[in-house]
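Asks: Given next are the chains, with one letter for each unit.
There are 2 protein chains.
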Amino acid sequence: MLVITNQEIQQHVGAAVVIDAVEKAFAALGRGESKVFPVARGSGSDPRHITAIKSGFDASTGFMGVKAASYNPGNRTRGRASHTSTTLLIDDLTAEVVAVVEAGYLNGLRTAAADAIAVKYLARADSHRLGIIGLGAQAVFEIEAVAAVRPIDTVYAARRAGADTDRFAQAVSERTGLTVEFRDVEDLARQADIIVTATPATSPVLRDEWIRPGTHVSAMGSDNVGKMELPVELVARSLFYMDYPDQSAVIGEAQHLLAAGKATLADLRHRSLGGLICATVSGRSSADDITVFDSSGIAIQDIAAAHAAMTIVRSARSA
Amino acid sequence: MLVITNQEIQQHVGAAVVIDAVEKAFAALGRGESKVFPVARGSGSDPRHITAIKSGFDASTGFMGVKAASYNPGNRTRGRASHTSTTLLIDDLTAEVVAVVEAGYLNGLRTAAADAIAVKYLARADSHRLGIIGLGAQAVFEIEAVAAVRPIDTVYAARRAGADTDRFAQAVSERTGLTVEFRDVEDLARQADIIVTATPATSPVLRDEWIRPGTHVSAMGSDNVGKMELPVELVARSLFYMDYPDQSAVIGEAQHLLAAGKATLADLRHRSLGGLICATVSGRSSADDITVFDSSGIAIQDIAAAHAAMTIVRSARSA
Chain A
257 MLVITNQEIQ
267 QHVGAAVVID
277 AVEKAFAALG
287 RGESKVFPVA
297 RGSGSDPRHI
307 TAIKSGFDAS
317 TGFMGVKAAS
327 YNPGNRTRGR
337 ASHTSTTLLI
347 DDLTAEVVAV
357 VEAGYLNGLR
367 TAAADAIAVK
377 YLARADSHRL
387 GIIGLGAQAV
397 FEIEAVAAVR
407 PIDTVYAARR
417 AGADTDRFAQ
427 AVSERTGLTV
437 EFRDVEDLAR
447 QADIIVTATP
457 ATSPVLRDEW
467 IRPGTHVSAM
477 GSDNVGKMEL
487 PVELVARSLF
497 YMDYPDQSAV
507 IGEAQHLLAA
517 GKATLADLRH
527 RSLGGLICAT
537 VSGRSSADDI
547 TVFDSSGIAI
557 QDIAAAHAAM
567 TIVRSARSA
Chain B
257 MLVITNQEIQ
267 QHVGAAVVID
277 AVEKAFAALG
287 RGESKVFPVA
297 RGSGSDPRHI
307 TAIKSGFDAS
317 TGFMGVKAAS
327 YNPGNRTRGR
337 ASHTSTTLLI
347 DDLTAEVVAV
357 VEAGYLNGLR
367 TAAADAIAVK
377 YLARADSHRL
387 GIIGLGAQAV
397 FEIEAVAAVR
407 PIDTVYAARR
417 AGADTDRFAQ
427 AVSERTGLTV
437 EFRDVEDLAR
447 QADIIVTATP
457 ATSPVLRDEW
467 IRPGTHVSAM
477 GSDNVGKMEL
487 PVELVARSLF
497 YMDYPDQSAV
507 IGEAQHLLAA
517 GKATLADLRH
527 RSLGGLICAT
537 VSGRSSADDI
547 TVFDSSGIAI
557 QDIAAAHAAM
567 TIVRSARSA
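In the order they appear, the protein sequences are chains A and B. Going by the numbering used here, the first residue of the first sequence is number 257, and it counts up by one from there. Going by the numbering used here, the first residue of the second sequence is number 257, and it counts up by one from there.
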């Protein structure tokens, strides 16, 4: 069993290769070849310490995989990461656990990859102004990934009271070479071609009337019951897609669409990113369409990203 | 992250220490301090290749854990193990994955441990004749574990057409020093003080009328819908206990008790091994009681066994 460390992944694995691997995984899912198993979740002695376990079979790599992601907010006061993540890669043929992959850093890449793939298939080709809402570590990955699929030259980030904007701008600059301009969220929404939301919000972080025709929105924050980043009106009037409709209907933006009676689960089921990649679902039909992608995160992303990391790190070790 | 290998566990970890660790884990579960998360399960490209993921929080060690157990019957023709198993140990306090433990061998020990703990609390103290039904690798672990908690001097194994009885007897002798006597299953059932069933059966492997007063039965085989080793009549008239009633009701012997209308889930819920250890449920009250334990396997066993293995192997490495 190989152990692939976070440090090796940070050193050797870039956004582009993960975007490519995750796109192939979504394509295989769209062809009906892959499987997403039920998510298991529970807490430790502290009810705020949650471990979520995502598992599945990714036909694009021929691996089953299990990701255990733990979240412990108490870690912040201990100077440790609040999230940890580890993926087991299991050979589909032999049932052997081939590698254990430390996936803390990789998780940021794989999540951003899905949002960028949606941008690649849905945003106008000339989109060059990216608006980011959320100033956490994930937002940096999101900017990097979107810049890998569209000619981004302008990054607006939403101001937030008390946030360390200098530190965020420096992190984005170091990682992508792009300069961040801070804006009020309304200005950002009215000017961006692409908006990415990366927040833990439980109510909309922007208003429907701010969104111009032709905008693409990738919403990555909603991954639990009650979480919400987008107004239902915006989702309802957009061309709407999800990484995994059955999960989005429970923990993603789609939960609010269903609750508002604006769609049925049957309506949503065919509006998957995999279907979009395989062209069994149509995408943008005019420069004025508003497109929205709702990402809640699924195991095939973890498996494809971990497999890519394993392949690259193994090769780097023997070089 | 430590990697604890199968080979090190085989070399350093014995049955007694795992029985002790698993007993402490069931006691903590009985006190309501531990948690069992939902089981996730799915298949790879071959529908017969199943991965089952068990996870939970074990208060006796202060660890959360995730075990991925894969089964691929096709491996037999490749000369590989058909089962593989790997456990991640996650520190309850820091959410850090402290160790990845190869759990193929350990799985045999932890499963047998639960059955032996039931024997320790339920079988007559003078029980010395053990009958084993099933001649697979697990049966050897079961004999070893029961012999650790009762003065077993006689082992009967049920004959099975086409089985390699010599090889089984040799494996038992090497591991426990005990000599196996092969018997027809009826003779075995009529003569044993303790019976352990370790089969993949989907219908009863013994008859109710064969079971003498005072017998204890630990049934380890049923761990899926439709599996069954014991006649419903026997389970219904016995003092019946389960490792985890809510799971046994779906995949253990209890599923058939419920289907036959012989019990309700509410009846079963307090009849746990943890409750028996904590004495919140009463055990045997006379030498004539028939006691039955139904084991379907839960994550706290995996966590406690993996933690014990980690502790022992880490200490052996630094010795």
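One or more of the hints may lead you astray.
Any copy will do: because identical chains look the same in the list, a pair fits if it lies in one copy or spans two.
To be verified - Calculated cross-link-like contacts (lysine to any residue; reagent style SDA-like; alpha-carbon spacing at most 25 angstroms):
no., residue 1, residue 2
1, K291, V506
2, K291, A337
3, K376, L349
4, K483, A283
5, K280, P487
6, K291, D479
7, K483, A516
Quick caveat, the hints were computed from the structure, so don't treat them as lab data.
Asks: Hint by hint, say whether it matches the structure.
Replies: Here is what the structure says about each hint:
1. K291 <-> V506: Result: close both inside a copy and across copies, 18 angstroms intra and 23 angstroms inter.
2. K291 <-> A337: between (30 angstroms within a copy, 24 angstroms between copies)
3. K376 <-> L349: neither (33 angstroms within a copy, 40 angstroms between copies)
4. K483 <-> A283: neither (27 angstroms within a copy, 37 angstroms between copies)
5. K280 <-> P487: Neither: 31 angstroms inside a chain and 50 angstroms across chains, both beyond 25 angstroms.
6. K291 <-> D479: both (19 angstroms within a copy, 23 angstroms between copies)
7. K483 <-> A516: within (15 angstroms within a copy, 43 angstroms between copies)
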